[in-house]
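Build the full structure now, drawing on both the sequences and the hints.
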Amino acid sequence: MTGITGMAEPNLRIRGLSKSFGGVRALDGVDLTVPAGQVHALLGHNGAGKSTLIKCLGGAFPPDAGTIEVGGSSHTRLSPRESIAAGVAIIFQTLSVVDSLTVAENIFLGQEWTKYGRIDRRAQEDVAAGLLQRVAANCSPHDRVGELPMGQRQLVEIAKALSRSASVLVLDEPTAALSGAESDALAERVEDLRTQGLAIVYVTHLLAEVERLADAVTVLRDGRVTHQAEVSGRSRQELVDAIVGPAPALSPGATAGAPADSDAPRPVCLTVDGLRGPGFGPVDVDVAEGEIVGLFGLIGSGRTRVLETLFGRRRASGGTVRVKDRAAEATRPADALAAGIALVPADRRRQGLFPVLSAQDNALLPAIRPLARRGVRALRAERRIFGALCDAVGLRPARPSLPAAAFSGGNQQKLVLGRWINEAHTIDVLLLDEPTQGVDVGARQEIYQVVSSLAAHRGTAVLFASSDPEEVVALAHRCLIVSAGRVVGELSGAELTEAALLSAVHDPAPATSKGTA
Amino acid sequence: MTTATTSPADRLVTGPRTLAGSGLDAVRRHPLLVVLALMVLVFQLTTGSFLDGGNLRGIATDAATLTLVAVPLALLVISGYLDLSVGSTVALGGLVAGWLAGQQHQSPVVAVLGALAVGAAVGAVNGFLCCYLGLSSFIVTLGMLAAVRGLAQQLFPLPLSSFGSGFAWLGGSRIAGIDAPVFIALLVLVAGALFLALTPAGRHVFAIGVNREAAYLSGISIRRTPFALFVVTSVAAALAGAIKASVLDSAVAGTSGAGFELTVLTAVLLGGVALTGGSGSVFGVLLGVLFLGCLQNGLTLLNVPTFWQQMAQGIALVAGAALAYFGPRLTR
Amino acid sequence: MTSFQQAASAASRRQFLAWSGGITAATALAAAGCSAPDDGSGSTAAAAGSSPSTKTLTKIGLDYPFTQLPLYSTLVKLSTKAAKKHGITLLTTNDASNADTQATNLSAWVSQKIPAIVSFPMVFEATEATAKRALDAGLIWVTYGGTLEHQSADIQFSFLEGGTLLGEAAAKWANENLGGKGKIAFLTDSTIQLGRERTKGMIDAFTKQAPGVDVVAKEQAIDPDTGLSKTRAILAKHPDLNILLGVTDAAAYGGFKALQQTGRAKADDKTFVGGQDGAAPSLLAIKQGTFYRASAALAPQDIANAIVDVPMAVAAGKANPSAQVPITLVQHTDTARIDDLLAQNS
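Read top to bottom, the protein sequences are chains A, B and C. Take 1 as the starting number for the first sequence in full-length UniProt numbering and just add one per residue. Take 1 as the starting number for the second sequence in full-length UniProt numbering and just add one per residue. Take 1 as the starting number for the third sequence in full-length UniProt numbering and just add one per residue.
By construction, these hints were calculated from the structure, which means they are not laboratory data. Certain hints may be false.
[As the list claims (entries may be wrong)] Not the full set, but computed from the structure, chain B residues with beta-carbon under 7 Å of chain C:
1. Ser49
2. Asp52
3. Asp62
4. Val252
[What the hints assert, rightly or not] According to the in silico footprint, chain B covers these stretches of chain C (three or more CB under 8 Å from chain B):
5. 69-83
6. 226-233
7. 274-286
For every residue, glycine included, the Cβ atom is placed at its ideal position computed from N, Cα and C.
Here you go:
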């Protein structure tokens, strides 16, 4: 319990928090103080340490060093239960409400009110109604959560936090999946909750939100605090600089903003013309041989749908796709692969990885049949190709029989990527969705290198989707800005900077310098 | 990547590959091996005749039909599906074979082929509904368990017997000094193991069982292989029915193979095949089958009273499963 | 052949009853008459003009739960024919050996006022209430294979006697052919009342009359698969086994095959196998003069007759309408009886 001069004592005080995974430092001596009644914005790239910080706070990981003080009591580590008891509530991007239960049931899940051993529904619903009023939700306690729009579900989750008398509220990119109107409504709620005396940590990519809501801001980069100040008339540019850091690191792909030998124009490899599908389109994209093109946009902007439609996982409702001079409209992934298009999906756990199978099986799965001779697997060739792949992507450890689940996120991603870039497979177009999601900083550079040299040496056309401006700058030769299912702008060459990307999504209209809608 | 020219296979970290090492490895991966060895030892010491050639031959013959169905069923379970209809397919296969051989006086070959064809039809229905229409294999095959049994009873309301000496060949003759059913079971074991280890489809079976979505996105045909496994499982069940009919020289629509589906599934699960799909081995299945066979036989040799036998079987089953589960942790 | 499911299953509960049939009382009450119109048979007092035998009873419901047994098909066929002779329609249920399904089906029949119900209850205690409702509704209720408190009449079988007949025959054979020495194994059932009666009958009668023969095994087995594998195990320990008696023909037939597979000649004169039920494969083996030498047999025709005659006797107001179905021992010399039984079964 440490009083601060004159002011109300801070509700959340984090001191010297450090956390490493394997050899990688995710957090390095982070301090963060949030008094009651303050909205504190937390900024930084993917992988800068924001989610590690939140998870330490929520009790998902024990920190290696440092203390967390909540409401005056100090902890060196928290279990999830202790975290809730201490008054911390975290609203993650992927909400933890149960769709099949009612609003009231969700709010009281795990802390049901009982009367004579039975759940007292009446009392729960009365209290729930009060809580919903407090967050100005317009749903009823009887509604099924699964039938509510996203913004209302989020409010239910916040109401749940209030029901546990939370004093510290952490919002993890709360507007990422919301519509414009819903985002505005949420902003009003956040302001309400601030006046009700909660300490609020607000994680976001969007500078406009910081300017509107935040009282103070902390920027993390590579696990360290690079900037911490009150928000008072700071220019947007200053914040961008703090996020991006000094003099952008030399990144492999982004040097010239064009394929390595930019003198000779490369032939077009992937031609997408008027592609339409549910929730997006029409979209036109051309990717030349050896070119790396980014699709930059927020969650829900339709970039994943475009990739999945190209790969045949979703049906297109119109448009044409050509790879070189072959028609390549796919209705199944197998069609797309036959046409030379491969996809590395974003959700590695669900769509990419076979956790209990060996590393070699994971990396070579699609290659086993083509390699086989007269129906019998070519075990020697498989092993040789896997060995070569290990070298090429820097897989660690290079153990073919180790289950994929035992690898780090970065190495898992190398295995999934390796499926399409080993010597048993020739693809013309590589689609990547959030190529470094859940990948640590070191492995991230390696993956960029693998992708860049694939484009440079094999002439593969690469189209990737990302919501991380740093990643787009590091990897892409050219970037298309995607919003509401359409391409609303394009940046390339010297224009392709993080600042330009950030301002493009904050305010799409003026950023369409080379707009090709 | 294209730039890598040297073969790094020699640099790959691999475990020591000594004979003793691989033996220990087998025990670690199949703790049931230890239980089975202990059980054999106890039965031999208490009965004195457990390891006699005649008795072992009896166990092998009993285990043969079980193995025949358990191996393809295990592959099906590894790929994430289930077949509960095998008990009824056993009955239908046995009746069709017996009817062709006994009533229609067809050659044994025609009789067996007839049974296999009927099995393939049942498997194709299962496979189509589960793999192509995406219905739950639990529900579909549970339904087929009843439907196929009903069909068998409708077609053959009366018991069939006296199939002739030609048909007795299937269950009674010896091939290379081994009883024919045991010989067939050995073939199936070897084929199953080779399939998993050496064919692309064998790998695909695991991939589909672990993560169907990821397998689909890897361009693997996620329907064809499980469909084929449904067909093979039912064909094997029909063949097992024909063998049983040949051995018993009789078949009854209502009761042949009743409860067989659970015995087979028990052997498969005891052998370390996960019901959730994606893991298991043919060797494990063999252990599961032998475990059940030896347990039943040993308790009979010991002349254990009925209800004690039933209790002992239940306890041994749970103990075997527990050891298979905890064993790997203990030896680590 | 009568193969039974594993002992533990509920299905096997009263299966042995399946094999019971009776004629003694049945013949006595046969074409009984038609006079008594009102009390017993609620629903269908037929028009005056129709023949006397159809006047009171036009429908009999046969509720036999063990539809998986071959006997079911045989019984339905024979009793349908027997009923038709009296102008009666036979209705059947499909209980699939499920006691809950049986209860539902019986309730439906009572609500529909099926005038006469012959039911083989899987769980006797649980059927009492339904039987009472049937009687209260003025219907005829005939219990098959046992007795209920609320019933119009019953059809009974003596399983102890069937087992005794088999045990005595085997003992007699052992005394004549083995000099009262040798080894015997029993395939038994201890899971249900009827199985226990059959088991007790055969073991007691045999050990009493052939005390010099060693009893080397008593193993639970009612179906051929189990009979086969248990006998194999017994033979591994006692290759010189002489006699094998089964609680069912199905189990004994499995043992018969096991003996042959371990090299016993089909007509070995030092071997005796016997079972109970009178199942077709066993009857054939007996007829062919193999070492399968005896079966305590029930005649399906007798049971079928009782199914029709007992309700008719109740309807006619006979004093003692119940029937006891006899069990007879069938051996190689009873050629005519075997042919008769095989004909009933085909």
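Coverage criterion applied to the stretch 274-286 of chain C (partner chain B; beta-carbon cut 8 Å; 3 residues): Coverage by chain B holds for the stretch 274-286 of chain C (4 residues, Cβ < 8 Å).
Per-stretch coverage check for the stretch 226-233 of chain C, three Cβ contacts closer than 8 Å to chain B: Answer holds; 5 residues pass the 8 Å Cβ test.
Residue hint B:Asp62, partner chain C, criterion CB-CB below 7 Å: holds (5 Å)
Annotated coverage of the stretch 69-83 of chain C by chain B, confirmed only when three residues or more have a Cβ within 8 Å: holds (count 5)
Per-residue hint verdict: B:Ser49, partner chain C, C-beta under 7 Å: holds (5 Å)
Cut-off 7 Å, beta-carbon criterion: hint that B:Asp52 touches chain C: holds (6 Å)
Cut-off 7 Å, beta-carbon criterion: hint that B:Val252 touches chain C: With a closest approach of 5 Å, the B:Val252 hint holds.
In terms of the numbered hints stated before, the structure departs from none.
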